[in-house]
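Asker: Read off the chains here:
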Amino acid sequence: MAFSIYDFSSFTQSIHQLLSGVMSPAWVLVSELVLVGLVFLMFYALLGLALVYLERRVCAFIQNRLGPNRVGPQGIFQTIADLIKLLFKEIFIIKNADKFLFNLAPFIVIIASMMAIGALPFAKGLHAMDFNIGVFYILAVTSLGVVGILLAGWSSNSKYSLLGAMRSGAQIISYELSVGLSMLAIIIFSGSMQLSVIVESQANGWWIFKGHIPAFISFVIFLIAATAETNRGPFDLAEAESELTAGFHTEYSGIRFAFFFLAEYMNMFLAAALATTLFLGGWMPLHFGVDTQFNHIMDFVPPVVWFFGKTFFVIYIIMLFKWTFPRLRIDQLLTLEWKYLLPINLFNIVLIAFLVMMGWHF
Amino acid sequence: MVEKAEVILGENEQYVINMGPQHPSTHGVLRFELSLKGEIVDKVVPHCGYIHRGIEKMCEANTYQQIIHLTDRMDYLSAHPNNEAVSLLVEKALGIEVPERVKVIRTMLSELGRLGSHQLWWAAFGMDLGALTTFFYGLRDREKILDIFEESFGSRLLHSYICPGGLMNDIHPNFKTRVKELIPYLRKKLPEYDQLLTGNVIFTERSKNIGIMTKEDAISYGITGPSGRGSGFACDVRKAEPYSAYDRVDFKEILMTEGDTFARYQVRILEMYESIKILEQLVDQIPDGDYTVKMKPIIKLPEGEYYQRVETARGELGVYAVSTGEKFPDRMRFRTPNFSNLFIIDKLARGHKIADLVAISGSLDLVIPDIDR
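Chains as they are written, first to last, in the numbering used here: chain A, 1 to 362; chain B, 1001 to 1373.
It should be emphasised that the hints constitute simulated quantities derived from the structure, not laboratory data.
Glycine included, C-beta positions come from ideal geometry on N, C-alpha and C.
Careful, some of the hints might be misleading.
[As the list claims (entries may be wrong)] No farther apart than 20 Å at their CA atoms in a straight line, the calculated lysine to any residue pairs in the SDA-like style are these:
1. Lys-1208/B / Leu-177/A
2. Lys-1188/B / Leu-177/A
3. Lys-1353/B / Gln-332/A
4. Lys-339/A / Leu-177/A
5. Lys-339/A / Ile-1202/B
6. Lys-159/A / Gln-1014/B
[Said to hold, decoys possible] Just a few of them, taken from the derived set where beta-carbon distance is under 7 Å, the chain B residues facing chain A:
7. Ile-1017
8. Gly-1020
9. Thr-1133
10. Arg-1140
11. Tyr-1193
12. Ile-1202
13. Phe-1203
14. Glu-1205
15. Gly-1232
16. Lys-1353
17. Ile-1354
Just need the whole structure built from these sequences, with the hints factored in.
Answerer: Listed below in structure tokens is the structure:
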């Protein structure tokens, strides 16, 4: 059986039929859930390792260094070696910590990021859960992560951790608004909350191009707010190495620390993937004009490549932020959100609604 | 009615945290006891002494040549001026006039050291503010200076090169060409510092109007060096009391009047350009001659009290010695710049955020072994 690399639904359908042939519908559902879960676990772990390696190389490139280049060719096994180190490290629980919450916190953070990734459309048909409220679901699930961070800060019974958690709470609750509002811009454009429909609506051009300047403003705000929401520099106040040593995860060690670490990278991936899906056309290829030679060549590139190419481009931009800018102060961070981003965003939404009402967008 | 006592740490539901002795932004084993109201710093109590080695006491059992090696360990980032201070003191006491060659080389080494020290400060200051890339840019350029040092006297940090009577040994034949290569290199690279940090909106927001030190404060707390000059306190010993070859070189004493973190930053950045200017003037004028005056193996200072001050990268270093005519000094006292500069931090940081405290302590450019001695 030949599968198209451009449409994964034929591939998933054939698996479904294969399973349906050998077991009852209930078991088919269970085994499909297990399969999808396993695939996502593998994907999550591999992507985490790849992102950590990528960040090290990018920051080394920016900082005139070589970066990891000893373990394996070009140091690609360095992150695996790090992971093994973290797995074997002692899990240290400090004396007066609230043990249950202390242990629970990293899992909440990692589950939140993992649940969100399930809703992303990677390619046509390659989509674990296609909700009709996909955007809403992702917003809701990612907000769970802050609960984990607050719990981590509070339960470790350390003053630095608590400060980090307080900062993180204030930061994420504020920036959630900007993320939501800039997503709303695209919901108004495409008229749907379903991620697959949003991607399909960009078949004749990405929203960042079709939506005139308001869409671009939304994109920039989304990028800033998403960087803030994932606790990455220049908004990494919750960790703020030079002020709070490591912020909310100061007291964590071993694989628990790795969970926070991994969740941060996966949140970054999630932010970049959402920016791609909403503004940069998801897995849609880049098109100029109608039915040109260029478009046909672009169509030839598989959608998965398009999706990951765009996502990693956005990730690169987010990494550039971190390695070039100094950190903001907490009051400046909140000023930026409440005095600048939010009013601009609200005005932008009205403008977009007007644009869509008049049918002025492409 | 009893006068209300000053807020004691831990009372009035204050949130007290210990910053240090192991903390990434105290640059060593310095400990701040902070009393916080939320994020706002209410009181800072600096605790020093974690790296106290009793250098002043050790000096009482060492000859003057041996003391040179102890001074390296005080402010390890400006070892040359530290050595020079003791050497000048001994020379002044004995009435020795060192050769011109020695004077010029000493001045050049001090300025090279100042450049390296300011570069490391810039690197670490950026990191305090969360701009991690600055660290590698600063160290990249400092490496070139350390290479020059290494070639001439084999050490990169604790040089012990300037000694009573002159220099330990002659400079490497490559010294002149290396410095000549360094000057255009730094002229090209220093603007990168401004591009990366100075013009950045976040950086200016973080540093302007933060930790304002008035000129009166600077004088009454004895703040010297770039930190004092950022408040308009003209305290450059190189200008006020020229030693070595500083009387014949043309350089500006950088003065800023704002007194905030950004002014202190700006003073150091501009001082780097002045140091390059000094190097440029001296590099072709190293006269031939001896690198040292013949000294006795054991120096005995005539009975009396002596004082000598020099300008290190962080401020004024004063050396006070009491001699009873023995080979060891009866009492040796170092007035180190960092010790005086540290204690204004409570005044500067009150009412600011924790993040500002880190910026302020970074802008004071503290080297902890110099505080504790």
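Asker: Now look at each hint and say whether the structure bears it out.
Answerer: Consistency of the hints with the structure:
Restraint check: the Cα-Cα separation between Lys-1208/B and Leu-177/A comes to about 29 Å, which exceeds 20 Å; the hinted pair is violated. A hinted pair counts as satisfied when its Cα atoms are at most 20 Å apart, and Lys-1188/B with Leu-177/A does not qualify at roughly 44 Å. The straight-line distance between the Cα atoms of Lys-1353/B and Gln-332/A is roughly 11 Å, inside the 20 Å bound, and the hint therefore holds. Between Lys-339/A and Leu-177/A, the direct Cα distance comes to roughly 13 Å. Compliance with the 20 Å bound is thereby established for this hinted pair.
Of the pairs offered as hints, the one joining Lys-339/A and Ile-1202/B holds, with about 16 Å between alpha carbons and a cut-off of 20 Å not exceeded. Taking the CA atoms of Lys-159/A and Gln-1014/B, the gap is near 12 Å; set against the 20 Å cutoff, the hint holds. Here the hint on Ile-1017/B is kept, as its CB sits about 5 Å from the closest CB of chain A, short of 7 Å. About 10 Å separates the beta-carbon of Gly-1020/B from the nearest beta-carbon of chain A, more than 7 Å, and the hint is not met.
This hint holds: Thr-1133/B has a C-beta 5 Å from the nearest C-beta of chain A, less than the 7 Å allowed. This hint holds: Arg-1140/B has a C-beta 6 Å from the nearest C-beta of chain A, less than the 7 Å allowed. Taking 7 Å as the C-beta contact cut-off toward chain A, the hint placing Tyr-1193/B at the interface is violated, the least distance being around 13 Å. The criterion of a C-beta within 7 Å of any C-beta in chain A is met by Ile-1202/B, whose closest approach is roughly 5 Å, and the hint holds.
Taking 7 Å as the C-beta contact cut-off toward chain A, the hint placing Phe-1203/B at the interface holds, the least distance being around 5 Å. Nearest Cβ of chain A to the Cβ of Glu-1205/B: about 6 Å, under the 7 Å cut. The hint holds. The interface hint given for Gly-1232/B is broken, as the beta carbon of that residue sits about 26 Å from the closest beta carbon of chain A, more than 7 Å. Taking 7 Å as the C-beta contact cut-off toward chain A, the hint placing Lys-1353/B at the interface holds, the least distance being around 6 Å.
Satisfaction of the interface hint for Ile-1354/B is found here, the shortest Cβ-Cβ separation to chain A being roughly 5 Å, below the 7 Å cut-off.
Of the numbered hints stated above, those contradicted by the structure are hints 1, 2, 8, 11, 15, listed in ascending order.
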